[in-house]
Each structure stands twice: as C-alpha cells, then as structure tokens.
Amino acid sequence: MNKPKSVFESRLAARHRQGRLFGAVCMASTWFGIGVLVVLLAGVTWQAAGWLNWSFLTNFDSRHPEQAGILAGLWGSLWLILFTTLFSVPVGVGAALYLEEYESNGWLQRLIQVNLSNLAGVPSIVYGILGLTVFVRMFGVFGSQPKVVALSLGFTDLEIPLPFGRTVIAAALTLTLLILPVVIVAAQEALRAVPSSIRTASYALGATKWQTIRHQVLPAAAPGILTGVILAVSRAIGETAPLVMIGALTYVAFTPGDISSPTDIITNPAGLAEAPFDTFTALPIQIFNWVSRPKTEYQHVAAAGILVLLTVLLVLNGVAIALRHRYQKRIRW
Amino acid sequence: MKGDSHLLLRRFSLSRAKEQAIQFSLFLCALLSVVTTLGIIIVLVNEAVVAVGPNAAFFQEVSLKEFFTDTRWTPQFADKHFGVLPLLAGTFLIAGIAALIALPIGLASAIYLCEYAAPRTRDFVKPSLEILAGVPTVVYGYFALVFVTPYLLKPIFQDLLGFDVGVFNAASAGIVVGVMILPMVSSLSEDALRAVPRGLREAGYALGSTKFDVSVKIVLPAAASGIMASFLLAISRAVGETMAVSIAAGMTPALTMNPFRSVQTMTSYIVNVSLGDTPAGSVQYQSLYAIALTLFCITLAMNILSQVVLSRYREVYE
Amino acid sequence: MMSRLKVMPDNPPRRPQAEALKPPPETTAAPAKIETRDLSFFYGENQVLFDVSMTIRERAVTALIGPSGCGKSTFLRTINRMNDIIEGTRLTGHVSLEGIDIYAKQVDVVALRNRVGMVFQKSNPFPKSIFENVAYGPKIAGERKKKVLAEIVQRSLKRAALWEEVKDRLNDSALALSGGQQQRLCIARALATDPDVLLMDEPASALDPASTAKIEDLIFELKENYTIVIVTHNMQQASRISDQTAFFYEGRLIEMEPTTALFTKPREQRTEDYITGRFG
Numbered sequence: 548m549n550k551p552k553s554v555f556e557s558r559l560a561a562r563h564r565q566g567r568l569f570g571a572v573c574m575a576s577t578w579f580g581i582g583v584l585v586v587l588l589a590g591v592t593w594q595a596a597g598w599l600n601w602s603f604l605t606n607f608d609s610r611h612p613e614q615a616g617i618l619a620g621l622w623g624s625l626w627l628i629l630f631t632t633l634f635s636v637p638v639g640v641g642a643a644l645y646l647e648e649y650e651s652n653g654w655l656q657r658l659i660q661v662n663l664s665n666l667a668g669v670p671s672i673v674y675g676i677l678g679l680t681v682f683v684r685m686f687g688v689f690g691s692q693p694k695v696v697a698l699s700l701g702f703t704d705l706e707i708p709l710p711f712g713r714t715v716i717a718a719a720l721t722l723t724l725l726i727l728p729v730v731i732v733a734a735q736e737a738l739r740a741v742p743s744s745i746r747t748a749s750y751a752l753g754a755t756k757w758q759t760i761r762h763q764v765l766p767a768a769a770p771g772i773l774t775g776v777i778l779a780v781s782r783a784i785g786e787t788a789p790l791v792m793i794g795a796l797t798y799v800a801f802t803p804g805d806i807s808s809p810t811d812i813i814t815n816p817a818g819l820a821e822a823p824f825d826t827f828t829a830l831p832i833q834i835f836n837w838v839s840r841p842k843t844e845y846q847h848v849a850a851a852g853i854l855v856l857l858t859v860l861l862v863l864n865g866v867a868i869a870l871r872h873r874y875q876k877r878i879r880w
Numbered sequence: 009m010k011g012d013s014h015l016l017l018r019r020f021s022l023s024r025a026k027e028q029a030i031q032f033s034l035f036l037c038a039l040l041s042v043v044t045t046l047g048i049i050i051v052l053v054n055e056a057v058v059a060v061g062p063n064a065a066f067f068q069e070v071s072l073k074e075f076f077t078d079t080r081w082t083p084q085f086a087d088k089h090f091g092v093l094p095l096l097a098g099t100f101l102i103a104g105i106a107a108l109i110a111l112p113i114g115l116a117s118a119i120y121l122c123e124y125a126a127p128r129t130r131d132f133v134k135p136s137l138e139i140l141a142g143v144p145t146v147v148y149g150y151f152a153l154v155f156v157t158p159y160l161l162k163p164i165f166q167d168l169l170g171f172d173v174g175v176f177n178a179a180s181a182g183i184v185v186g187v188m189i190l191p192m193v194s195s196l197s198e199d200a201l202r203a204v205p206r207g208l209r210e211a212g213y214a215l216g217s218t219k220f221d222v223s224v225k226i227v228l229p230a231a232a233s234g235i236m237a238s239f240l241l242a243i244s245r246a247v248g249e250t251m252a253v254s255i256a257a258g259m260t261p262a263l264t265m266n267p268f269r270s271v272q273t274m275t276s277y278i279v280n281v282s283l284g285d286t287p288a289g290s291v292q293y294q295s296l297y298a299i300a301l302t303l304f305c306i307t308l309a310m311n312i313l314s315q316v317v318l319s320r321y322r323e324v325y326e
Numbered sequence: 010m011m012s013r014l015k016v017m018p019d020n021p022p023r024r025p026q027a028e029a030l031k032p033p034p035e036t037t038a039a040p041a042k043i044e045t046r047d048l049s050f051f052y053g054e055n056q057v058l059f060d061v062s063m064t065i066r067e068r069a070v071t072a073l074i075g076p077s078g079c080g081k082s083t084f085l086r087t088i089n090r091m092n093d094i095i096e097g098t099r100l101t102g103h104v105s106l107e108g109i110d111i112y113a114k115q116v117d118v119v120a121l122r123n124r125v126g127m128v129f130q131k132s133n134p135f136p137k138s139i140f141e142n143v144a145y146g147p148k149i150a151g152e153r154k155k156k157v158l159a160e161i162v163q164r165s166l167k168r169a170a171l172w173e174e175v176k177d178r179l180n181d182s183a184l185a186l187s188g189g190q191q192q193r194l195c196i197a198r199a200l201a202t203d204p205d206v207l208l209m210d211e212p213a214s215a216l217d218p219a220s221t222a223k224i225e226d227l228i229f230e231l232k233e234n235y236t237i238v239i240v241t242h243n244m245q246q247a248s249r250i251s252d253q254t255a256f257f258y259e260g261r262l263i264e265m266e267p268t269t270a271l272f273t274k275p276r277e278q279r280t281e282d283y284i285t286g287r288f289g
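Residue numbers (my numbering), protein chains in the order written: chain A, 548 to 880; chain B, 9 to 326; chain C, 10 to 289.
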C-alpha cells in the first residue's frame, strides 16, 4: 500500500513540471503570432517614416521614388470597394435568403452549401483567371476590336465596351465572385440569428413571405449582414493576385473617370459614368509593383503604400466593429 | 368586409406574381455560386484539355506524360519543356515550410486559448490573430523580402552556418506563408477542441490528471479529426497562396529541396505569365490554364478531404 | 366538482357573476363559424391528430384543453394554416370557415390569415416601436394613409386594453414593455387586421396572475365581436372564460360540450380523470 503511493508522489512533482512547461510553450506559441504582427507593423512604419506625406497621397506614380505617389491606386481601390459592395450585397443576400427562407432543407440547398465551402477554398488567383476569361475577354466572342454599347443617361452617355477589358467593372465583378461565398455565409448566419417567432407572428398577421422578409427578417438581420459584407469587402481590397491576373495596370498616371478629388464629382459628373469602364490600378497592385522594382528607395515607397492600405482596411474594420457593437446593444431578444 | 367569404379565394393578383418573381430571382442569386464553380471548371478545362475555340488546348499539344514526368519547366526558352514537377516541388517546399511553422504553433496556441487562457487574454488575443489573418498577402511578401531574408535568414544561416542564402528564397516565403495561415490553424483547431464535451475533461480531472494530461491525452485525441481538417485547409491555403510567394521566392523553376534557393510555385508562374507579354493562344499562354487546373484540383482535393474528415468527427459527438 | 365551480366566479374581478354561472346562451343560437370534418394531421410519419370533427360557434369562446402533446395546439394552428410553414407536414380531412374549405386550392392563405388572427404562447413583438407593431398588419395589407393607420392603432390598442398604458410612448420599442403588456400588444396587433376569428395559444401561460386576469377580462370583452378559440393548460381558466370546451387526448377529440356541462358532468371517463386532476 505504501509503495505505490510514494511512487505516485515522486512522479507528481515531475508531472507538474511537465505541465507547467507545456503551458509555457503553448502560451509562447500564442504570443508568437502577435509578436510577428507587432514586428511587421513596426518594421513597415519604420521603413515608411518620412515617405508617407501629403504629396505621397496626391501624386501619381513616378520613375523618381521621391515623387512617387499613390493617388491612382487609392481612387482605383475606392471604386473597387464601391462596385464590389454594390454587386455582392444584393446577390449575396439574395442567395442567403433563398437558402435560409425558401429552400432550407432541399437537396439543392445541400448542394449549394457544399459548393460554397469548396468555393471559399479556391485560390484567389483561379478567380483571377475566371475573371480574365469571362469579364475581361468574354471568351473572345467579340473578336479583337471591342464593341461599344452606348446608353443615354440624360446628362451623359454611358459607354460600355464589350468585352469589358481591363476595367474597374471587370475587376469589381471578379472580386464579387471571390467574396460571394463569404458574404452568403455571413448573411446566412445573420438570418439564422433572427428568432423564428418574428416570422410566425408576421405570417399570422397575413403577411406574405416576401413581406415578412422585407419588413421583419431583413431589418432584424441587417446589422449582422452589413458587418459580414464589410469584412468580406475588406478582404477583397487586400487581394492582389486576381487583379494582377485581370491585368490591372501597374503604371498609371490617371484616376478612373479622371475623378481625383470629391469636388470632381460635381464639376465632372460625366466622369462618374466613365469611371467604371476606365482602366485602373489599385493599392495592392501599386505596392506589388514598387516591391518588385530594383531601386532600394522603392522599398520605402512600398512601405508607405502598405501603411495607406492598412489604414483603409482599419477604417473598414472599425466601421464593421462599431456597427456590430451598436446593434448588439440595441436589440436584445 | 366581414362575412364575405369569397374574400378568402385566390384572385389573380399582381402581388402573387410579384412573390413568384422574387422567389425566382432569389433562386438565381443562389444558383450563381454553382454557376461560378461550373464557370471555373469550364474555363480551365476548355483551355487546358479540350479546346472549343480556334486554339488547341494545352494537353492537345503537350502530353500528360511529359507534363507529369519531365523535370524541366522552360516555356520561355527556345527549347521548350513543360514538366510540372519543378513547380510542384517549389509549391510543396514552401507549403511544407509554412506547415512546419503554422501547424505546431497554431495547435499549441489553440490549446492555450481553449484550455489555459483566461477569458480576458482570449478577448485580446483572438481579435489580434484576426488582424494577422486580415493583413493582405502582398504585405507579407514585402515583409519576407525586406525583413525576413536580410534580418533573419542571412545573419543566422549565411553568416553563422555558412549556407548561401539568395535574395529570393523559398525559406522566407515559407515562413511568412506560415505566419499567414497560423490564425486559421489556431482558430479552426480551437473550434475542434471546444467541441469536445466537458464530461470527458471532467472524467480526466476526476481521475487525478494534470491539465497537461487532460489537454494532450484526452482532449487532443478526441478532437483529432477536427484538427486534421484544420491542417488540411491551412495547407491548401498555403498551396494556393500567390503574392507573398511571387515576391519572396522569385521566379526560377527549380527541382530543389534547398530552402535558400529561389524557386517558382504554380501560383507565381501564373503571375509571371500574366505580367509578361505572352500572346494569348500560344502554348506558353495555354500552359497557364494547365497549371491553374492542376492547382485547382489539388486545393479542391484537400478541401474535400478536410470535409470528409470533419464530417466523420461530427458523427462522434452529435 | 361542484365545490370547484363555486370558487371560480370569485377569481375574475370585473365580471358579472350571473354571466359566469349561467350556462352559455343556448349554443344552437350561434351559427357555426368553423367546422372540421375527419381532420387528421401528420408530422412526417407521425400522426398527431386523428379524425377530429368539431363545430366552433360564432362570437363565442371555445377552449381546447388536454394534457401536453394531445394535439390541441396543432389543431389550433390548422385553423389559420400556420402548420403550412413547417416542412414535412400533411393534413387530411376538411377545415371550413363559413362553409368554405380553407385547404382548397383556390384559397389564399394570406387572405385567410388576415381574417383569422393569432396570439402565441410566448409574446413575440417585432423589434420595432409599439406603433409599428400594431400598424404592421394594415400596412402590409396596403394601407398607407398615416391618419388611417393612427386610428387603427388607437382603436386596436384600446380594444386590447393597452391604450392608456402606452398612449404617450407609441414610438418606444415594443421590447421595453413588460411581459403582460407585450402579450396585450400582440393581441392588439392581431386585432388591427380586423379579423373575425382570434386564435390564442396559451396566451397567458407565461404571465403573472395579475396580467393573466387582464387578458382573461379582455377575452371576455372581445367575444362580443370575435369568434375566439383558445388553447389552455389551465382548466380553471377554461371554465372561467369559455362557452364551449373541447377535451383532446392523444390526438383525438374526446368530447366537446358547453363548458359548464363538461366540467360538471363529463360524459367520458378520461375527461373526468383529466379535469379532476388524476393525470395531465
């Protein structure tokens, strides 16, 4: 009786040491990631110091590192944010509504659900190839000369080239396909969080399915959907590979539609109609381009560009978090 | 109005037609995801396997045997060789280095977050890891090129150990890709660990186990399939990763296991072609689709495998 | 049995005693509003209602009682076709409202629910203002005029005896109301579409006694204008407020009688066992 007990006790100290060591290793692993994040941010800031200034934000790219700026990329990315959101929200929310509210248990729903999780795993560069073939070249069915379809908008003509070519619209459509699985899944989660008693109550009052969705379910799910959309769009904005594929230009000395400041929207309204069908560059493309240049000064330019990109992402994420926070407080079931 | 029972009857109404139209358009939205998948497959297969258009497809000009057995990838040279092995080697060398970093560290941090960390620590760490996951990949490429190679690899492996570390090398790319997929491993593994019922842990503690015993000998095996699934997903991400690899690993197709040399991955080859002025329709250009098809199949296989593993593990606890 | 009946009239505070004691006005007087014939209902393979045939009279309160899982709630939900929402359900037999088979192909379920209002066990206000909750039904039915909506809201809230408590804060969130107020809001919301039938699924089961009393008074007043069918777990409640009582057991309608008759001399042994508390 005595012997096994003493063995147990002498082992106990060793076992506790082993446990503490293991805990320490696990903790160190956790902080490793955060450590890298800190080093990365600090390093980029250090490299960008002195290079990120007002003229960097208002200049176009240049062969002289000191004069290189990010204006074209900034506007390109803003247009991409706008159109990607415009395209992905209705389609993504529509798909989620269909899957959650209309076809919640059919074989089609299961098929689409499996398909969504597989799509989310497809490398972004493959989406780039899809976008290149479908949107930029349109399978080559229009031959080598683009045809232009003109639509009158009243104050100006909307000139749509077919195929789209290397334009903002082609890129936004590609990014839309890329983030659609994420948007759909986020919207589905938000819809699922709406208690079913709301739906039952609405039906019992004689509402049709769409009235119930439109007046009760969507408003209740809106904050969740919006948060998901912003997070997905912020992912799209950092994406470089698909944009490289569809041929976003690397050296650009203009902004889409020649709109390079908010006042231009008033003075040059025709530019609004031109912008979607203009060639463009984007923040990550400019960064990639600068990183690839041999002159070491461009390292600093790239770092400054990275800070601008990270700031845009931070703003988007901040908005998402604020939204989530605000509406969580407001509605308690 | 009351008592008019005919009011109950259906009438042909605009609102009914509207309901139908809305349902149909929502159905089209949902269908778009299936169309996207089909679109990807059609585009890749059309250019790589069976051509519908005027240009011959890649595999109509290059045999499958050459593609998978030739050890040289030289589409730009006069003496053209289309052997995918160097690109596969480069891809898996970098994915392997990334896995070496991300899997153990990610799993350990998942264990820490699930079993050890105080709620307050978790509230700080989890969002931080999300930020890490949200950093664009082009930034990681920059980080590898400007910091990892000159300040980490060169001092240790070149100056100290005498290896020849190139400006572009697989190691730096692998390291940053590892950091990039770390949050994914960590959060998916944590979900798997969390799914282990509390009863199992309590049974372990009641038998006199330490926290280490419970974590490693009870929880970890019980969550094994979920962890495996997270590993597969993360490696698939690493295989498909493009920008960091294009920037940091260079553009030299090489059948090598030397992590300090420049290699080319499948993804960086695709970027390389798209940046150049290869004429559309030529064999070199079509090779882009063949590579993309190979990449798509590999990542799809890994994703499906991870889902299979995951659905098995669900059977155990639900 | 008799002793129980004597106690009952004391509970509802504002009700004339004679009204509760005397047998409901001879039921033959009121015409039939809702009729079911051989109604069976299935959840997948699982049959939960067996050949229920019942006649529900106009402008009267019909109580459905029985142990949990006896099918009384399912039966209630067949009357406004709420079960349609649940997948994998099947119904055989007939349910008619004023002689029209409501499961016939030509019947518009939306129009049906406009005329057959429903109040649920757990109050389920929309996460919107009090005004928006009540105005929702008329709004979706196409009423746009602000003035008309305001009148409907006021009238409905008054009928649901909630107006005095909320008239100064119609724009506050409905979720800020107490449980009892929320349930009366749900009643007001159901009344706002001007139905002629009101279905209530244990409307007071989640409420405190004071709120329950208010709801019971309300039901008593509403039967002047509405046909009310109420599912309740509480037999005293059934005997206090209803004119007719139907006893369900294991998916079958065991018996249906004028309330006083059912509670004083039930014909079936199982009914007696249930109302005397031997099971359930």
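It is worth saying that the hints were derived from the structure and are not from the lab.
It cannot be assumed that every hint is accurate.
What the hints assert, rightly or not - Okay, derived cross-link-like pairs now, DSS-like style, lysine-lysine, Cα gap no bigger than 27 Å in a straight line: (1) C/K167 <-> C/K114; (2) C/K176 <-> A/K756; (3) C/K156 <-> C/K176; (4) C/K148 <-> C/K137; (5) B/K134 <-> B/K219; (6) C/K114 <-> C/K137; (7) B/K26 <-> C/K155; (8) B/K26 <-> C/K148; (9) A/K756 <-> C/K274; (10) C/K155 <-> C/K137; (11) B/K26 <-> C/K232; (12) C/K274 <-> C/K148; (13) B/K26 <-> C/K176; (14) A/K694 <-> C/K148; (15) C/K176 <-> A/K842; (16) B/K88 <-> B/K73; (17) A/K756 <-> B/K73; (18) C/K137 <-> C/K156; (19) C/K131 <-> C/K154; (20) C/K137 <-> C/K176; (21) C/K274 <-> C/K131; (22) C/K167 <-> C/K232; (23) B/K26 <-> C/K167; (24) B/K134 <-> B/K225; (25) C/K167 <-> C/K154; (26) A/K842 <-> B/K162; (27) A/K756 <-> C/K232; (28) A/K842 <-> C/K137.
What the hints assert, rightly or not - Derived coverage of chain C by chain A (criterion: at least 3 residues anywhere in the stretch with Cβ under 8 Å from a Cβ of chain A; other residues may be distant): (29) 87-96; (30) 170-176; (31) 221-227; (32) 249-257; (33) 269-278.
Heads up, the beta-carbon is just placed ideally off N, CA and C, and yes, glycines get one too.
Hints, one by one, checked against the model:
no., hint, verdict
1, C/K167 <-> C/K114, "violated, 37 Å"
2, C/K176 <-> A/K756, "violated, 31 Å"
3, C/K156 <-> C/K176, "holds, 16 Å"
4, C/K148 <-> C/K137, "holds, 14 Å"
5, B/K134 <-> B/K219, "holds, 22 Å"
6, C/K114 <-> C/K137, "violated, 35 Å"
7, B/K26 <-> C/K155, "holds, 25 Å"
8, B/K26 <-> C/K148, "holds, 17 Å"
9, A/K756 <-> C/K274, "violated, 46 Å"
10, C/K155 <-> C/K137, "holds, 17 Å"
11, B/K26 <-> C/K232, "violated, 37 Å"
12, C/K274 <-> C/K148, "violated, 48 Å"
13, B/K26 <-> C/K176, "violated, 37 Å"
14, A/K694 <-> C/K148, "violated, 48 Å"
15, C/K176 <-> A/K842, "violated, 74 Å"
16, B/K88 <-> B/K73, "holds, 15 Å"
17, A/K756 <-> B/K73, "violated, 57 Å"
18, C/K137 <-> C/K156, "holds, 19 Å"
19, C/K131 <-> C/K154, "violated, 31 Å"
20, C/K137 <-> C/K176, "holds, 16 Å"
21, C/K274 <-> C/K131, "violated, 33 Å"
22, C/K167 <-> C/K232, "holds, 15 Å"
23, B/K26 <-> C/K167, "violated, 35 Å"
24, B/K134 <-> B/K225, "holds, 25 Å"
25, C/K167 <-> C/K154, "holds, 20 Å"
26, A/K842 <-> B/K162, "holds, 20 Å"
27, A/K756 <-> C/K232, "violated, 30 Å"
28, A/K842 <-> C/K137, "violated, 60 Å"
29, 87-96, "holds (count 4)"
30, 170-176, "violated (count 0)"
31, 221-227, "violated (count 0)"
32, 249-257, "violated (count 0)"
33, 269-278, "violated (count 0)"
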